[in-house]
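Participant: Working from the sequences, and respecting the hints, build out all of it.
Quick mapping for you: the protein sequence lines, in order, are chains A and L. Under numbering that gives the first Met the number 0, read the first sequence as residues 0 to 156, first letter to last. Under numbering that gives the first Met the number 0, read the second sequence as residues 0 to 417, first letter to last.
These aren't lab readings, by the way, just hints derived from the structure by calculation. C-beta atoms are modelled at their ideal positions from N, C-alpha and C, and glycine is treated no differently. Accuracy of the hints is not assured; some may be wrong.
Derived DSSO-like pairs (lysine-lysine); straight-line CA-CA distance at most 30 Å [claimed, not checked]:
#, chain 1, residue 1, chain 2, residue 2
1, L, Lys-250, L, Lys-279
2, L, Lys-149, L, Lys-102
3, L, Lys-80, A, Lys-147
4, L, Lys-189, A, Lys-147
5, L, Lys-149, L, Lys-75
6, L, Lys-80, L, Lys-149
Every beta carbon over 10 Å from chain A, so not counted as near; a handful from chain L, in silico [what the hints assert, rightly or not]:
#, residue
7, Asn-14
8, Arg-37
9, Thr-105
10, Arg-186
11, Ala-215
12, Asp-325
13, Asn-379
14, Asp-416
The primary structure of each chain is shown beneath.
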Amino acid sequence: MARLDHHGAVSNLLAEYAACIDSDDLEAWPAFFTEQAHYRITTEFNHARGLPIGIIDARNRNMMEDRVASLRQANIYEPQRYRHIISAVRITGNEDRLIQAEAAFMVVRIMIDGSQELFVTGRYLDQIELSGETPLFAEKLVVLDSDKIDTLLAIPL
Amino acid sequence: MNGTRIHKTSEHWPNEGVTQVPYGLYDNSEIYARERERLFLGPTWNVLGFACEVPNPGDYKTTTIGDIPVVLVRGKDGSLKGFENRCSHRGSLLCLERFGNAKAFTCVYHAWSYDEDGNLVGVAFQNGVGGEGGMPDDFRREEHGLRRLKIASLSGLVFGSFDFGVPDLDDYLGPDIVARIRRVLPRPVKILGYYTQTLRNNWKLYAENVKDPYHASILHSFFTTFRVNRLSQQGGIIIDGDGAHHVSYSKLDRPNDSGHGDQEYEAENLRADKDDFGLKDPTILGGQDEFDDGITLQILTVFPGLVLQQVRNSLVLRQIMPRGVDRTDLIWTNYGFEDDDPELTDLRLLQANFIGPAGFISMEDGAVGEFVQRALPGTNGETSVVKMGGDAVASSASRVTEASIRGFWKTYRGIMDI
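Facilitator: So, in C-alpha cells, the structure goes:
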C-alpha cells in the first residue's frame, strides 16, 4: 500500500515538473528540487561506462537558478518549447528516507515556425524526498538514450 | 566577374581573394564531393581520437575522416593502425560498434576476414564447396586488402590520413601549434565522457565559427551579462605559417608572473559573488592555473576538422564531421588526466557547463551556423565579408580580427584548387 502511495506521489511530482517546463515557467523549475539537489543530464553511453560528464551539471538549486537566469538574460536561441510525455513510472527503492524512482520520457520540441520533432528520449533516475510538505527531487539524473543533441539544448529536460 | 571557376557551378571565387567567401560553397553537392576527394582523402591530417581510447591489443574505435568511415586499431605490438571501414569485397561496413576488441575483422556479409593491418586473410568458400564454385585460380588475397591509413600521434592525440604523401605531422602543424597542443596534453589522458551535437549547417560554417574570435563576446553574452569582470585582457591569435591552423587565447593579467594565478581566479570569483548581478553560485568561475601560465582560454584548430579547447579547466577535443552538405556532427570528447585529483576532476565537470550543446558560452554556436545556412537561398553568386583586421593572414595581439578565418580559406583554396 505504501508503495502505491509513493507511486501516486512520484507520478504527480513528475506531472507537475513537466507542466512547469512545458509551460515555460522556468523560474519555478528549481523549486522542484531540494536546496542541495544534483541535476545532471548525461547519455546512456556515458552512464553505462561510468563516464561522469554532464551536458548540464547543476550541483544545487542556486546553480539551477543561475541557469534559468542565463537562459532568460544571456543566451540566444530561437523561441522553442517542449512537450514532455512521461510514462512507466517505477518505484525502484526506498532508502535513506528517499524514494528511488525511474520513469521514461519523450520530449517533442516545437519551434516557432511550427515544426515539431522528437527531440530526445530517455529516462529519469530520481531520488525523491517525500518527507516535506511537497515532494522534492534530491537528485535527478536525466539519461538520454542517444548521444546526439539536435542543434542545442537550452531548456532543461 | 572573372574569378577562378569552381566546378561547373555558377560560383566564382572573387579576385579579391579570401576577404570574400562565396556563399555557394556551403550548399553545393559538387563542392562537397570535391572536399571528400581532395581534403579528406587528400593530404590532410584528421584526428581519430585519443590513444587511450584503444589501450589494449585488438582494441578498436570506429570514427570517420570527413564522412568516410574508418577504424583505429591497437596492434598486437602496441602500435596504432588504421584502415577504411569498408570490406573490399562488396563494400559493407566491417566494424559496427563504436568501440570493440577483435582478433580479426570479419565482414558480416560474406565473412571476408582481415588482420589488424588490413590484409585480407580469409575468404569464405574461396575454393568452393565439393569442387564446385569458389574464386578463380588467379584470385590473389594480397590484392584485396583494406585501404590503409597513415597514422601519427602527438601527446596521445591520434591522427590519420588517407594520403601517404601527407607531410609529417609535426611539419603539417608547425612548431607553434605543436607547442600549444602539448600544452593542454601534458600527461596521460583520462576520458570524462562524450556527446555529439548535430548542426544543421555545412561543416565549414562551424570551422569558421570556431576560428572567429570577433563574435565571441558579442554572440556569447554570459560573461558580460553576469558582470564577471574579466581580468584577462591579454591574449591574442597565433596563426601558423600558411594559415591552416590557429590558436586563440586569453590570459589573466599577471605582471610579475610569479604563480599567483589561483589567487587571481579567487579574486575574480569574489567580485562576482559580491555583485548583485552576479551568479548565485559562482563556484563555476573558480579554477586552477593547472598549466601554470595564466592562460584561461585556448581555442586551437587544426585544418580541416580538429578543435582542441581549454575553457578554464574544461578540456575538450571537438571533431567537426561533415554529414552531408547541410549537416554536421560535432563530437565532443571531454577529457582530463589520469593523475587528476578528485577536486580537479570535479572542477572540469562543473566547468563543462560552459561548453557543449547546453553550454553557457557555447550553445549559440549550435544555432548560428544554421542561421547562415537557412539564409543561403538568396545568395546566388554573392560573397560574405571577411575583412576584419584587413586582408592579412597573420598572428596578432588583437582578437578583433578575422585573420584565422582567412587562413582557413587560404589553405582550403590551395588544397581544393579553386
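Participant: L:Lys-149 and L:Lys-102: Cα distance at most 30 Å?
Facilitator: holds, 21 Å
Participant: Against chain A, does L:Asn-379 keep a CB gap of more than 10 Å to every residue?
Facilitator: holds, 23 Å
Participant: Would you check whether the claim that L:Arg-37 is not at the interface survives, using Cβ distances to chain A and the 10 Å cut-off?
Facilitator: Holds, since 28 Å exceeds 10 Å.
Participant: Please verify whether L:Lys-149 and L:Lys-75 have alpha carbons no more than 30 Å apart.
Facilitator: holds, 17 Å
Participant: Just to be careful, I want the Cα atoms of L:Lys-80 and A:Lys-147 compared with a cutoff of 30 Å; is the pair within it?
Facilitator: holds, 28 Å
Participant: Just checking, L:Asn-14 versus chain A, shortest CB gap more than 10 Å?
Facilitator: holds, 36 Å
Participant: Is it correct that the beta-carbon of L:Thr-105 has no partner in chain A closer than or equal to 10 Å?
Facilitator: Holds: least Cβ distance 25 Å, greater than 10 Å.
Participant: Beyond 10 Å on every Cβ pair: is that true for L:Asp-416 relative to chain A?
Facilitator: Correct as stated: the minimum Cβ-Cβ distance to chain A is 33 Å, above 10 Å.
Participant: Keeping to a limit of 30 Å between CA atoms, is the pair of L:Lys-250 and L:Lys-279 held or broken?
Facilitator: Judged against 30 Å, a Cα distance of about 25 Å means the pair holds.
Participant: Would the least Cβ to Cβ distance between L:Asp-325 and chain A come out above 10 Å?
Facilitator: L:Asp-325 is indeed farther than 10 Å from all Cβ atoms of chain A, at 13 Å.
Participant: So is L:Arg-186 really clear of chain A, every C-beta pair being over 10 Å apart?
Facilitator: At about 18 Å from chain A, L:Arg-186 clears the 10 Å cut-off, so the statement holds.
Participant: CA of L:Lys-189 to CA of A:Lys-147, is that 30 Å or under?
Facilitator: Holds, at roughly 22 Å.
Hint compliance for this structure: no hint is broken.
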